[in-house]
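Chemist: Just so it is clear: in the first sequence, position 455 is 490 by this note's numbering, and no numbers are missing.
These are calculated hints, taken from the structure and not from any lab test.
The reader is advised that the hints may include incorrect statements.
[Said to hold, decoys possible] Here are the computed lysine-lysine pairs in the PhoX-like style, where the Cα-Cα straight-line distance is at most 20 Å: (1) 539 to 133; (2) 493 to 569; (3) 414 to 358; (4) 465 to 569; (5) 569 to 539; (6) 155 to 430; (7) 133 to 73; (8) 465 to 493; (9) 246 to 234; (10) 430 to 414.
[Unchecked claim] What follows is a list of derived Cβ distance ranges for each label pair: (11) 438 to 252: 43 to 51 Å; (12) 54 to 112: 22 to 30 Å; (13) 518 to 396: 53 to 61 Å; (14) 407 to 436: 12 to 20 Å; (15) 345 to 292: 37 to 45 Å.
All C-beta atoms in this analysis are idealised placements derived from N, C-alpha and C, irrespective of residue type, glycine included.
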Amino acid sequence: MKQHITGLIQAALDTLVQNGDLPADINPSIMIENTRDKSHGDLASNIALTLAKAARRNPRDIATLITQALPASEQLNKTEIAGPGFINFFITSASATKVVEDILEQGHQFGRVICAKPEKIQVEFVSANPTGPLHVGHGRGAAYGATVADILEATGADISREYYVNDAGRQMNILAVSVWLRYLEKHGEDVTFPTNAYKGQYVHDIATQAKEQHGDKFLVSSAQVFTDLPLDEPQGGDKEKYIDAIIERASILLGEATFDQLFLVGLDAIRDDIRDDLSGFGINYQEWFSERSLTSTGDVEQALARLDNSGHLYVEEGNTWFKSTAFGDDKDRVVKRANGATTYFASDIAYHMNKFDRGFDKVINIWGADHHGYITRVKAAIQALGYEPDRLVVKLVQFAILYRGTERVQMSTRSGSFVTLRELREEVGKDACRFFYVTRKADNHMDFDLELAKSQSKDNPVYYIQYAHARICSVIDKLETSEWSLDLQAGLTALGESTDDAEKLILNQLAKYPETLQNAAANYEPHLIANYLKDLAGEFHTYYNSNKMLIEDAQLRNSRITLSYAVKQVIANGLTLLGVDAPQRM
RNA sequence: GCGCCCAUAGCUCAAUUGGAUAGAGCAACGCCCUUCUAAGGCGUAGGUUCCAGGUUCGAGCCCUGGUGGGCGUACCA
36 MKQHITGLIQ AALDTLVQNG DLPADINPSI MIENTRDKSH GDLASNIALT LAKAARRNPR
96 DIATLITQAL PASEQLNKTE IAGPGFINFF ITSASATKVV EDILEQGHQF GRVICAKPEK
156 IQVEFVSANP TGPLHVGHGR GAAYGATVAD ILEATGADIS REYYVNDAGR QMNILAVSVW
216 LRYLEKHGED VTFPTNAYKG QYVHDIATQA KEQHGDKFLV SSAQVFTDLP LDEPQGGDKE
276 KYIDAIIERA SILLGEATFD QLFLVGLDAI RDDIRDDLSG FGINYQEWFS ERSLTSTGDV
336 EQALARLDNS GHLYVEEGNT WFKSTAFGDD KDRVVKRANG ATTYFASDIA YHMNKFDRGF
396 DKVINIWGAD HHGYITRVKA AIQALGYEPD RLVVKLVQFA ILYRGTERVQ MSTRSGSFVT
456 LRELREEVGK DACRFFYVTR KADNHMDFDL ELAKSQSKDN PVYYIQYAHA RICSVIDKLE
516 TSEWSLDLQA GLTALGESTD DAEKLILNQL AKYPETLQNA AANYEPHLIA NYLKDLAGEF
576 HTYYNSNKML IEDAQLRNSR ITLSYAVKQV IANGLTLLGV DAPQRM
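Given only the sequences and the hints, what does the whole structure look like? Please build it.
Modeler: Laid out in structure tokens, this is it:
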């Protein structure tokens with residue numbers, strides 16, 4: 036419809052230019068918008084306003100010229116000039132009904148786009164350190180990333196979802212010795228647990244698992260572990276030095292290979308748990324990418340060599356620095372320490388190089404808002420490696436604060452008492468979680484009310500949308516067991532002749548679905564779909580409450596149920612994109 | 001100090017990317033209802049879009065300067 040009107044306006048402008056009513060160099064870009072106020076028609080164009088300056092004429096005069104030159108169209112009832120010079124278009128109800136026909140034909144495909152030459156896009160999200168279960172803080176990134184990926188896929192991209200597993204580095208070693216000490220306890224050794232070790236219940240669980248799978252393979256006496264160590268914090272020492280000393284001790288007592296085995300017990304257990312957790316959240320990845328693998332494949336060294344060859348590295352006091360200030364960073368960054376160890380940033384440079392080398396046209400990283408300071412240096416690195424920096428898109432997700440009614444839910448990652456994502460999911464359900472997390476713009480802080488998410492009332496948008504879907508399913512079920520049957524063709528014809536305002540409103544909303552999806556994809560804004568569905572469900576409930584569906588009058592019955600059928604389809608399509616089920620009954 | 005993000009109705013948030021009279025839902029108030037799915041429906045009221053300038057036909061949105069809040073400013077991961 037918008038294209039149709041754009042064509043009409045273009046034709047009108049061509050005529051006016053030919054007749055000399057408008058200068059030839061106006062270079063118009065024709066925008067058609069949905070009106071907010073229905074007294075302004077269904078669609079509107081601001082073309083006259085944008086041309087006013089170039090044409091040196093009053094916008095209302097231009098609008099008059101355009102409407103006079105506008106070719107006739109069977110799809111329009113009338114056009115009107117309003118306000119400062121808007122041209123409003125009123126669509127006939129027959130052509131407004133066209134969208135229902137499209138929905139019936141295309142089914143779950145409606146709104147989706149298939150691209151002949153799809154853009155290859157990678158979406159990396161969550162990527163939490165595998166040192167413990169996911170907590171609620173990861174939930175928003177998970178829901179947002181998954182939905183963005185699905186939306187991009189729906190609009191024609193070739194998507195790969197990836198989790199970057201930070202399985203290298205000190206934090207993972209701390210996890211390994213945490214498991215180890217619990218394991219020793221389970222063998223009856225007397226252990227004083229370090230201040231800085233991981234204390235959650237899951238560490239006990241993994242230790243038990245290690246004992247079951249590996250017997251006493253990692254067993255040493257506690258005397259061997261704790262003799263000649265520096266002091267821990269409670270004794271007036273440094274907890275960081277203390278835990279590092281234990282890591283070193285473990286490595287010596289067990290030997291590198293055995294320590295690594297222990298390390299992998301912890302890593303595998305937690306990664307599997309995270310994978311399972313996310314799967315229950317409706318999220319499945321194409322790739323779990325190991326940070327460790329970057330070292331073993333030589334990617335890190337290769338990335339640094341590439342930077343060095345292009346003159347972006349220098350050595351100072353034994354440390355190797357990347358000259359990121361050349362690309363707008365505040366300061367240069369160390370990539371290799373004097374002791375030869377590469378930094379986390381070096382791995383990240385290699386990781387991004389690896390991503391582009393895998394042939395992705397675009398790479399999207401979903402990061403927590405606390406990582407914003409990191410964007411500049413990563414962009415600097417990929418630029419230095421010779422990639423166009425715009426091919427990396429970083430979307431930051433602000434924190435969500437949990438409330439139970441009006442009371443804030445405290446969470447702390449210390450002492451293992453945090454609220455896990457799994458607990459949240461079990462309490463409020465997958466659907467409400469997924470929906471609530473994406474219902475706000477990602478760059479806004481959000482409040483997540485557990486009570487509201489669980490409530491079964493109109494106040495709860497997820498419930499309200501699913502309820503609309505279930506209601507329609509129920510009507511259709513009832514219809515099928517009645518003496519009537521669903522005649523969609525008759526319904527379409529009847530709808531085309533209808534002048535009912537509520538129906539018009541719903542038709543209008545249905546027609547907006549494809550562009551809402553496009554918009555959501557183009558801007559990485561899934562909340563547009565969530566809001567869209569809320570509106571559609573609201574309009575439908577209103578309609579449903581004032582119009583009986585299962586009635587004698589065949590024309591009304593067919594048109595109402597046909598319209599409802601289309602609403603059901605679009606709700607299902609939208610909810611699917613958000614990772615929310617569309618239930619047949621509730 | 002510097003950098004990024006945010007500020008819209010009492011509360012939680014929208015606003016088609018610069019369009020027309022800034023919209024929803026809670027909460028408040030006033031009516032109605034007990035149903036094809038029931039956990040409701042209809043309506044009223046509520047605004048200096050943080051402040052001050054600027055850009056233009058037009059600004060919640062863009063620019064400048066403030067105010068307030070969140071986050072970040074590692075050779076950690």
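Chemist: Against each hint, give a clear statement of whether it holds in the structure.
Modeler: How the hints compare with the structure:
Between the alpha carbons of residue 539 and residue 133 the distance comes to roughly 12 Å, so the proposed pair stays at or under 20 Å and holds. Of the pairs offered as hints, the one joining residue 493 and residue 569 holds, with about 11 Å between alpha carbons and a cut-off of 20 Å not exceeded. For the hint pairing residue 414 with residue 358, the CA-to-CA distance comes to about 12 Å; that is within 20 Å, so the pair holds. Straight-line distance between C-alpha atoms of residue 465 and residue 569 comes to about 18 Å, which keeps the hinted pair within the 20 Å bound.
Of the pairs offered as hints, the one joining residue 569 and residue 539 holds, with about 17 Å between alpha carbons and a cut-off of 20 Å not exceeded. Our distance criterion of 20 Å between C-alpha atoms is met by residue 155 and residue 430, whose separation comes to about 18 Å. Between the alpha carbons of residue 133 and residue 73 the distance comes to roughly 19 Å, so the proposed pair stays at or under 20 Å and holds. Under the criterion of a C-alpha separation no larger than 20 Å, the hint pairing residue 465 with residue 493 is consistent with the structure, at around 19 Å.
For the hint linking residue 246 to residue 234, the alpha-carbon distance of about 18 Å falls within 20 Å, and the restraint holds. About 13 Å separates the Cα atoms of residue 430 and residue 414, which keeps this hinted pair within 20 Å; it holds. The hinted range of 43 to 51 Å is satisfied by residue 438 and residue 252, whose Cβ atoms lie roughly 47 Å apart. Checking the proposed 22 to 30 Å range against residue 54 and residue 112 shows it holds: the Cβ atoms sit about 27 Å from each other.
Remark: the range hint 53 to 61 Å for residue 518 to residue 396 is upheld by a beta-carbon distance near 56 Å. Distance hint check: the CB atoms of residue 407 and residue 436 are about 18 Å apart, consistent with the given range 12 to 20 Å. Distance hint for residue 345 and residue 292: a CB-CB separation of about 38 Å, consistent with the stated range 37 to 45 Å.
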